[in-house]
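Peer 1: With these hints in hand, go ahead and build the complete structure from the sequences.
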Amino acid sequence: MPEGAASAGEDRSEVRIAPLPVDERDDATNELLDKVGPGRDLNLFTTLVRHQRLFRRWLPLCGGLLSGKLSARDRELLILRTADRCGAAYEWAHHLVFAADAGMTSEEVDRVRAGAGADGWTELESALIRSADELHDECEISASTWSVLAAHYDQEQLIEVPMVVGHYHMVAFAARSFGVRIEPAYRPHAVPHVVE
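Per full-length UniProt numbering, residue 1 is the first one in the sequence shown, and the count goes up by one each step.
Hints listed in this document are in silico derivations from the structure and should not be mistaken for laboratory results. C-beta: ideal position from N, C-alpha, C; glycine also. Any given hint might turn out to be false.
Beta-carbon label-pair distances, calculated as ranges [claimed, not checked]: (1) Asp34 / Ser147: 36 to 46 angstroms; (2) Met170 / Val15: 13 to 23 angstroms; (3) Arg25 / Glu138: 33 to 43 angstroms.
Once the Cα atoms are required to be at most 20 angstroms apart in a straight line, the calculated EDC-like pairs of lysine to aspartate or glutamate come out as [stated by the list, open to error]: (4) Lys69 / Asp154; (5) Lys69 / Glu160; (6) Lys69 / Glu125; (7) Lys35 / Asp23; (8) Lys69 / Glu24; (9) Lys35 / Glu24; (10) Lys69 / Glu156.
Peer 2: Pasting the structure below:
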């Protein structure tokens, strides 16, 4: 993680673009937020919706990746490792909930932070975490990691791996740059951590 960057559990940047208050939302804004579903009032969405045209085009990609061909567990391994490597507190806190829904235990979440070499991962799980690291550090999945992924996944799943990691880098960049605050209900999940 870059020197001086917040860890995945910290929320210390200033708010640069605030969420759009309810009393400032017009019908078009509310219609867009309704597409989000139950999370419509989360700070990330109510901040990004200030750019309606972009928000309208981003939502289908976000939804497509969250309901893609990767299993929920595999997707959350990628997202949590990306959030941790990016020091993305908002992303980390929210995706702990998704990870629990996907059957991940708190021990496994701790293991995500320990990295691909931690004891207990399957060959595929280790390759997924390594993929997130390699994309973060080198912008490419190595040949050895790719060969493990290719032994387990079809082409659509292989396409999704770097797309998921790349998408959640973008979300991390935006949330951290805008100073998006973690909602109080999610703060207990944001445990401080620094990636070595």
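Peer 1: Quick check: which numbered hints come out false for this structure?
Peer 2: 8
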